[in-house]
Amino acid sequence: MSQALHSAVQDIEETKKTESEESVYEQKLECQLCNIKVTSSRILERHLEGKKHRVREAKNGREFFCEVCDVRANSEIQLEIHLKSSRHKGNMLKKEATEFASLSSGTIGIWLIIFCLLCIFLNLLILITNS
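Numbering (numbering that gives the first Met the number 0), first residue to last: 0 to 130.
Hints were generated in silico from the structure; no laboratory data involved.
Treat the hints with care, as some may be off.
Restricting the straight-line Cα-Cα distance to at most 25 Å, the calculated cross-link-like pairs of lysine-lysine (DSS-like) are [stated by the list, open to error]: (1) K36 - K58; (2) K93 - K83; (3) K58 - K83; (4) K36 - K51; (5) K27 - K51; (6) K50 - K27; (7) K36 - K50; (8) K83 - K94.
Okay, the calculated beta carbon distance ranges per label pair [stated by the list, open to error]: (9) H46 - E66: 28 to 38 Å; (10) K58 - E29: 34 to 44 Å; (11) K94 - E62: 15 to 25 Å.
Heads up, the beta-carbon is just placed ideally off N, CA and C, and yes, glycines get one too.
Could you put the whole structure together from the sequences, leaning on the hints where they help?
The following block contains the structure:
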């Protein structure tokens with residue numbers, strides 16, 4: 000093979016190597032669960048075996064949240080602990096009191112008062128007629 004032809008073939012081979020190396024760097028592997036991108040399968044394997052990934056995997060898309068207290072928990076156990084806490088119980092009492100107050104202050108409250116007065120009147124009427 001002539002020197003010029005050999006040199007041209009070598010240039011083409013080097014160009015292919017460079018392009019394939021660049022495509023390896025451009026091709027990023029990713030973990031969609033943790034939203035990370037890595038450059039090698041070895042790094043991805045290490046990530047998948049890591050603690051943070053395993054914790055996210057254990058959650059499996061579940062979210063542990065208390066709407067009453069606006070509290071997020073990392074696990075079901077932590078949420079259960081929160082639900083038994085005095086803070087949560089206090090917030091529940093406040094919520095129930097607020098709901099009761101809104102019922103008694105609205106139109107439903109007025110109808111309840113009228114109904115109570117009607118019952119009292121009917122009970123008095125029954126007592127008077129039976130005596």
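Hints broken by the structure, by number, lowest first?
Hint check: 10 fails alone, others pass.
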